[in-house]
Amino acid sequence: MTRYIIQRLIYMVITMFLIATLTFFLMKFLPGTPLSAADKLSDEQQAVVLEKYGLNDPVPVQYFNYMVNLAQGDLGISFQFDNREVTTIIMERIGPSVQLGFQAMIIGTIIGMLLGLVSAIYHNGIMDYTSTFLAVLGQSIPSFVFAGLLQFYIGVKFGWLPVALWEGWEYTILPTISLAIFPIAIAARFMRTEMLEVMGSDYIVTARAKGVNKVGVVFKHGLRNALIPLITVLGPLAVGLMTGTLVIENIFAVPGIGEQFVKAINMNDFPIIMGTTLLIAFLFIFIILVIDLLYGVIDPRIRLAEGE
Amino acid sequence: MEKLLDVKNLHVSFDTYGGEVKAVRGVNFDVKKGETLAIVGESGSGKSVTTKALMHLIPKPPGRIKEGEILFEGRDLAKMNEKQMQKIRGKEISMIFQDPMTSLNPTMKVGNQIMEGLIKHQKMSKPQARKRVMELLELVGIPDAENRMKQYPHQFSGGMRQRVVVAIALACNPKLLIADEPTTALDVTIQAQILELMKDIQKKTDSATIFITHDLGVVANVADRVAVMYAGKIVEVGTVDDIFYNPQHPYTWGLLGSMPSLDSADEELFAIPGTPPDLMHPPKGDAFAARNKYAMKIDFEQEPPMFKVSDSHYAATWLLHEHAPKIEPPAAVKKRMEGMANSSSSSEGERV
Amino acid sequence: MDNHKPSKDLFVPVETTETENEKISRPSLSFWQDSFIRLRKNVGAMIGLAVLIVLGLMAAFGPYMNDYGQYEQDLSRAKMPPKIEGLAWLGMDGTLSDVQSADTLEGAQTKALMRFNNQEEFITTEVLNDGSNGEQAEVRATYDVYAAKDMDENFWFGTDGLGRDQWSRTWMGTRVSLYIALLAAAIDMVIGVAYGGISAYYGGRVDNYMQRFIEILVGIPNLVLIILMILILEPGIMSITIALAISGWISMARIVRGQILKLKNQEFVLASRTLGAKDGRILQRHLIPNTLGLIIINTMFSIPSAIFFEAFLSFIGLGLPTPMASLGTLIDAGFDSLQIYPHILLFPAIIISLIMIAFNVLADGLRDAFDPKMRE
Numbered sequence: 001m002t003r004y005i006i007q008r009l010i011y012m013v014i015t016m017f018l019i020a021t022l023t024f025f026l027m028k029f030l031p032g033t034p035l036s037a038a039d040k041l042s043d044e045q046q047a048v049v050l051e052k053y054g055l056n057d058p059v060p061v062q063y064f065n066y067m068v069n070l071a072q073g074d075l076g077i078s079f080q081f082d083n084r085e086v087t088t089i090i091m092e093r094i095g096p097s098v099q100l101g102f103q104a105m106i107i108g109t110i111i112g113m114l115l116g117l118v119s120a121i122y123h124n125g126i127m128d129y130t131s132t133f134l135a136v137l138g139q140s141i142p143s144f145v146f147a148g149l150l151q152f153y154i155g156v157k158f159g160w161l162p163v164a165l166w167e168g169w170e171y172t173i174l175p176t177i178s179l180a181i182f183p184i185a186i187a188a189r190f191m192r193t194e195m196l197e198v199m200g201s202d203y204i205v206t207a208r209a210k211g212v213n214k215v216g217v218v219f220k221h222g223l224r225n226a227l228i229p230l231i232t233v234l235g236p237l238a239v240g241l242m243t244g245t246l247v248i249e250n251i252f253a254v255p256g257i258g259e260q261f262v263k264a265i266n267m268n269d270f271p272i273i274m275g276t277t278l279l280i281a282f283l284f285i286f287i288i289l290v291i292d293l294l295y296g297v298i299d300p301r302i303r304l305a306e307g308e
Numbered sequence: 001m002e003k004l005l006d007v008k009n010l011h012v013s014f015d016t017y018g019g020e021v022k023a024v025r026g027v028n029f030d031v032k033k034g035e036t037l038a039i040v041g042e043s044g045s046g047k048s049v050t051t052k053a054l055m056h057l058i059p060k061p062p063g064r065i066k067e068g069e070i071l072f073e074g075r076d077l078a079k080m081n082e083k084q085m086q087k088i089r090g091k092e093i094s095m096i097f098q099d100p101m102t103s104l105n106p107t108m109k110v111g112n113q114i115m116e117g118l119i120k121h122q123k124m125s126k127p128q129a130r131k132r133v134m135e136l137l138e139l140v141g142i143p144d145a146e147n148r149m150k151q152y153p154h155q156f157s158g159g160m161r162q163r164v165v166v167a168i169a170l171a172c173n174p175k176l177l178i179a180d181e182p183t184t185a186l187d188v189t190i191q192a193q194i195l196e197l198m199k200d201i202q203k204k205t206d207s208a209t210i211f212i213t214h215d216l217g218v219v220a221n222v223a224d225r226v227a228v229m230y231a232g233k234i235v236e237v238g239t240v241d242d243i244f245y246n247p248q249h250p251y252t253w254g255l256l257g258s259m260p261s262l263d264s265a266d267e268e269l270f271a272i273p274g275t276p277p278d279l280m281h282p283p284k285g286d287a288f289a290a291r292n293k294y295a296m297k298i299d300f301e302q303e304p305p306m307f308k309v310s311d312s313h314y315a316a317t318w319l320l321h322e323h324a325p326k327i328e329p330p331a332a333v334k335k336r337m338e339g340m341a342n343s344s345s346s347s348e349g350e351r352v
Numbered sequence: 001m002d003n004h005k006p007s008k009d010l011f012v013p014v015e016t017t018e019t020e021n022e023k024i025s026r027p028s029l030s031f032w033q034d035s036f037i038r039l040r041k042n043v044g045a046m047i048g049l050a051v052l053i054v055l056g057l058m059a060a061f062g063p064y065m066n067d068y069g070q071y072e073q074d075l076s077r078a079k080m081p082p083k084i085e086g087l088a089w090l091g092m093d094g095t096l097s098d099v100q101s102a103d104t105l106e107g108a109q110t111k112a113l114m115r116f117n118n119q120e121e122f123i124t125t126e127v128l129n130d131g132s133n134g135e136q137a138e139v140r141a142t143y144d145v146y147a148a149k150d151m152d153e154n155f156w157f158g159t160d161g162l163g164r165d166q167w168s169r170t171w172m173g174t175r176v177s178l179y180i181a182l183l184a185a186a187i188d189m190v191i192g193v194a195y196g197g198i199s200a201y202y203g204g205r206v207d208n209y210m211q212r213f214i215e216i217l218v219g220i221p222n223l224v225l226i227i228l229m230i231l232i233l234e235p236g237i238m239s240i241t242i243a244l245a246i247s248g249w250i251s252m253a254r255i256v257r258g259q260i261l262k263l264k265n266q267e268f269v270l271a272s273r274t275l276g277a278k279d280g281r282i283l284q285r286h287l288i289p290n291t292l293g294l295i296i297i298n299t300m301f302s303i304p305s306a307i308f309f310e311a312f313l314s315f316i317g318l319g320l321p322t323p324m325a326s327l328g329t330l331i332d333a334g335f336d337s338l339q340i341y342p343h344i345l346l347f348p349a350i351i352i353s354l355i356m357i358a359f360n361v362l363a364d365g366l367r368d369a370f371d372p373k374m375r376e
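Quick mapping for you: the protein sequence lines, in order, are chains X, F and S.
Going by the UniProt record's numbering, the residue at position 179 of the first sequence is 179; the numbering climbs one at a time, nothing skipped.
Going by the UniProt record's numbering, the residue at position 141 of the second sequence is 141; the numbering climbs one at a time, nothing skipped.
Going by the UniProt record's numbering, the residue at position 374 of the third sequence is 374; the numbering climbs one at a time, nothing skipped.
Bound conformation, chain X alone (with noise of 0.2 angstroms):
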C-alpha cells in the first residue's frame, strides 16, 4: 500500500511538472503583455516594469527562473497588483472557496444519495418517478441559471437571504445551494442505477434467502456495494464544483479563488493565470489520488490485491 502511495506521488510529481511546463510556455504565446491593461506608458517605464517582472530575459532564462520559484511555493508577483505576490493573493482567497465547494460536496453527495436511495427502494413508485424528475432537471439546468433564479426569488423578490457579498455564514447559503445542485442530481441518480443493479444481484438473493428483512438488505448488503462505484463519480464531481465556482463566486460576489481567476483573465494578469491553473490542476490530480485511496478501503478486493 505504502509503495503504491508513493508510486502515485511520483506520478503527481511529474504531471504537474508537465503541467507547469506546458501553462508557462502557452503563457508565453499569449497576445498581450501585462501593460496592455495599464494605462499608457514612457518607453523607460516600460522598460522598468519589463525587468521587474523578468521578462527582458531570455525565455529558457525565464522558464528555468519559474520553476526554481515555483519549487519553492513561489508564483510570482501579480501584474495586476502592485508588488503583491500570487500566492499571498491565492492564500488570502482560497478560504471561501473551499469552504463553498466542501459544503456543497457534502450536501450534494448526502441528499443526492438520499434522493437515489429511496428511488431505488420504492422503485417504478410515485417517488421514484418525482426524484428521477427533479435528478434530471438538476443534472441539465446548468447552475449560472439556477444561481440567477434563486438570487431574484430567494434575494430580491423575497429578500430571505442576501443577494450577494461575503459577510457571515447566511451569505453562504445561497451559492451552496446553486453550487450543490449538479453533484445532488448526479449522485441521486448514479445511487439509483448502482442500488437497483445491486438489488438484482445474486447476494441479494441470498441474503433474502436467509430471512434478513427489507431494511437489512437495502442497507447491509446494498448500500457498501452501491457505494463502491459511486466513488468513481466523485472526482468528476469534485472537478465540476471547481468549475463551478467559478462562476457562482461570479455571480453571487464571493471573494474567492474563481471570482480572482475570471477577473485575471480579463486583465491579463498572466501570473494569477497560471497561478490559478496550476492550483486547478493540482486539486484535480490530489482529488482522483483521494478517491483512488478510498476505494480501496472501502472495496476488500482491491485493499487486499494491494496488499499482496
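Bear in mind the hints are in silico, worked out from the structure with no lab data behind them.
Ideal placement from N, C-alpha and C gives every residue a C-beta, glycine not left out.
Hints should not be assumed to be uniformly reliable.
Here are the simulated EDC-like pairs of lysine to aspartate or glutamate, each with C-alpha atoms no more than 16 angstroms apart in a straight line [as the list claims (entries may be wrong)]:
hint : chain 1 : residue 1 : chain 2 : residue 2
1    : X       : Lys-157   : S       : Glu-138
2    : S       : Lys-8     : F       : Glu-322
3    : F       : Lys-8     : F       : Asp-76
4    : F       : Lys-8     : F       : Glu-67
5    : X       : Lys-28    : S       : Glu-234
6    : S       : Lys-8     : F       : Glu-301
7    : F       : Lys-22    : F       : Asp-278
8    : F       : Lys-199   : F       : Asp-224
9    : X       : Lys-157   : S       : Asp-98
10   : F       : Lys-32    : F       : Glu-92
11   : F       : Lys-297   : S       : Asp-9
12   : F       : Lys-326   : S       : Asp-9
13   : F       : Lys-203   : F       : Glu-35
14   : F       : Lys-8     : F       : Glu-73
15   : X       : Lys-214   : F       : Glu-82
Short, incomplete list of chain X residues facing chain F, as computed with Cβ under 10 angstroms [as the list claims (entries may be wrong)]:
hint : residue
16   : Val-205
17   : Arg-208
18   : Ile-228
19   : Asp-299
Stretch-level coverage of chain F by chain X, calculated; a stretch enters the list once three of its residues show a Cβ under 8 angstroms from a Cβ in chain X [said to hold, decoys possible]:
hint : stretch
20   : 51-59
21   : 93-103
Chain X is fixed; fit chains F and S onto it per the hints.
For chains F and S alone, kept in the frame of chain X given last:
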C-alpha cells in the same frame, strides 16, 4: 410418512413487454420429512422458478404466483406476506444457489454472512453465533475456520465458496433445504466433492431436500424420488428406481437416452430433437408433442392427465391410455436403462 | 384417473413435421428494430426529441420572423419588457410592475409612481393594503412601457440594455448551442471512435503509444486545457471549436477501445475468425454493430456537457466576443439588470435549460433502449 411440503396446482407467471410468460403451469408435488426429491428438466422448464416461488424469491413484479397452494407443515406459503415469509426463510426453508461466485456478498466477511441468520432467527449473541459458525464451517469441510471466517469471499476458491453457501443454508437447521443446481457452476472434481458433502449432510441432519438439476447422473446419486419437469409442468414423477428402470414418458426416455455412459463404446446417444415451446404461447395439448416421435393425434388436442403407473409412479402421457398402441421405448434407451441398472448398483458399491 | 373419455380414433400416431416443430411464434426483431420500438415507447425521450425539433426550427427561422436584426441597437427602446398579443395572461403584456410599501397609503402611492418616473398617464396603481390594519401600506404600480414609448410594434422577448431585440438574439444564441451540439457529436464520432478503434484493433505497440498519449491528456484537467487554449487563440466560435476538438473525444476513445478489446476476445469473434473471416468482415459484422449502441449513447451524453461548456465559457467572458449572441453571453448580460428587468435573463435561461433537459432525456431514453440488460 408425513408430508412436509405439499404443492398443489401451482401457477407462476411473468408479465413481460411481450405478454404473460407462463413459466409454471399447474405443478403438483410433495416432499416428505427427511426425503430428497430431485426435480429434473432442461433449462427453462420452470424448475428454478418453482422452487424460488416456494420462498417468494421470484422478482415481483414481473413475477407472480397466479394460483395454487404451497402447504408447508399445513401453512399455505402462497398466502403469506413478506413479513411472515422472512420468518420462514433461512429458518425453516433455506436455499443453496447455483453460482457461488455471485451468491456471496463481496464486501462482507464470510463469518458475518453465516452469522446473520443465526442472530436473526435464533437470537444468538455474537460469541455464541461465532461458535456455531466454526462448527458449521467444520461441518462443510472448511479447515482453519477461526481465520477463514474473517476473510472475504474473493479469498475463497469456487468450491470453498459453495461450501460457505451450504453453511449459510444449514445455519439454522432448516426443515427443508432447496438446492438449486448447486454443482452446475463448478469443475467436475469439485462437483463430486460438493455432492459428497450434500449426501453427508443429509445423513447428519434430518432435513428434507429438494434437489434441482438437469444432470440425471447426479439424481441417481442423491435422490429418493424424482420429478421430471417439462415446459412448466411435471410430466413424470416416481422413485429413482421407477424413473430409471421403468420410465413411461417419452421425454424421460429422451433424457435418459441423451445421457452418455462409459459402459459400451458403440452406443449412440439418443438426442431429443427441437427446442422447448415458447411459454408465452404454450401449445395446445401436450407441450412435448411437437418433439415426440410417438405423438398421436390426441397429443395435439388434449393435455394428458397424470396416469398412475404404480403407487409411487405417475406420468402424464397419452401413451398410458387404454386405447393407445403399445409402444416400447427406443432400443437405445432400453439398453441404457439396463446398463443403468448395472452401473448404478455397481457404483453404489464402490462409493461407500 | 381417466374420467374424460377421448374417442378411440384420436389414438393414432401422427408424423411430426419439422416446420411445425421449430416455428417461432414471436416476430423476430433485429437489435435495431427492437431498440427503436423501445425508444418510441419512451414518452420522455419522445417529448425531448420533439422539443429539440421545435427548438431547431426556431433557431433556423426564428430570427427571420420579425424585422429586427440581432445587432440593431437603439437606446431609446432599451430594456423593453416582452409583449406578445394574446399572451398577456402569461405576463407578456409589455408592462412592468412593482410593489412599493410605506407607512401611509399616500407615501406608498408616491413611491410607486416615482418608481416609473411619475409618468402617471401610463401607470395604473392598485392598492394591495391600505395600511388601516396597522401594517405597512402597499401599492402595486403597473407601467405600460409600450404606451409610454409610443411603440407600435411588439418585442416578443423584449429588448436588452442596448435596445437589441431579445427574440432574434436568443434564437441566434440557440444556433450557437446547436452548432456546439453537432460539433461535439462529430468530434466524438470521428476522432474518438477512430482513435479508440484503431488503438484497440491493432493493439500491440500502436495501442501502447496511443494510450500513453491519452494518459498525458487525461492528466491535464479539461477546464485548464480549454481555458489555456482559449487564452492563446482569440475568443470566438473557432477557438471553442478547437478547444473541444482537443479534449472532447478522450472519454469516447477510451470507451470504444475498452469495448473493442472486450469484443475482440469473445468467442463469437474467434469463431468467425476461425471460419476464415477477414478483418473487414469482422469489423463490419461483429465489432461495429456491437459497439454502435455504446457510441450513440456516449455521444448523446457528451452533447449536453459540451453545450454547457460553451455557455459557461461565454458566461465568464471566454466564449463568444461581443456583440455576438450566445445563450451564455445573453444570460451573463441578464445578470446585470436581474433585479429590475429579470426578463432579459429569463428567455435565454429557459431556452438553454430546455435544450439541456431535452438532450439529457433523449440520451437517457437511448441508453434504456440500447442497454441489452433491459432486453427481456
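Checked hints:
1. X/Lys-157 / S/Glu-138: holds (15 angstroms)
2. S/Lys-8 / F/Glu-322: The given pair, whose Cα atoms are some 9 angstroms apart, holds under the 16 angstroms limit.
3. F/Lys-8 / F/Asp-76: holds (10 angstroms)
4. F/Lys-8 / F/Glu-67: holds (9 angstroms)
5. X/Lys-28 / S/Glu-234: holds (15 angstroms)
6. S/Lys-8 / F/Glu-301: holds (13 angstroms)
7. F/Lys-22 / F/Asp-278: holds (9 angstroms)
8. F/Lys-199 / F/Asp-224: With Cα atoms ~12 angstroms apart, F/Lys-199 and F/Asp-224 stay inside 16 angstroms; holds.
9. X/Lys-157 / S/Asp-98: Distance ~10 angstroms between X/Lys-157 and S/Asp-98 Cα, so the pair holds.
10. F/Lys-32 / F/Glu-92: holds (14 angstroms)
11. F/Lys-297 / S/Asp-9: holds (8 angstroms)
12. F/Lys-326 / S/Asp-9: Holds: F/Lys-326 and S/Asp-9 sit about 15 angstroms apart, inside 16 angstroms.
13. F/Lys-203 / F/Glu-35: At roughly 11 angstroms apart (the allowed maximum being 16 angstroms), F/Glu-35 and F/Lys-203 satisfy the hint.
14. F/Lys-8 / F/Glu-73: holds (14 angstroms)
15. X/Lys-214 / F/Glu-82: holds (9 angstroms)
16. Val-205: Result: holds, 6 angstroms to nearest chain F Cβ.
17. Arg-208: Check passed: Cβ of X/Arg-208 comes within 6 angstroms of chain F, closer than 10 angstroms.
18. Ile-228: holds (7 angstroms)
19. Asp-299: holds (7 angstroms)
20. 51-59: That given contact holds, which follows from 3 residues of the stretch 51-59 of chain F lying within Cβ reach (below 8 angstroms) of chain X.
21. 93-103: This one holds; 6 residues, not fewer than the three required, reach chain X with a Cβ under 8 angstroms.
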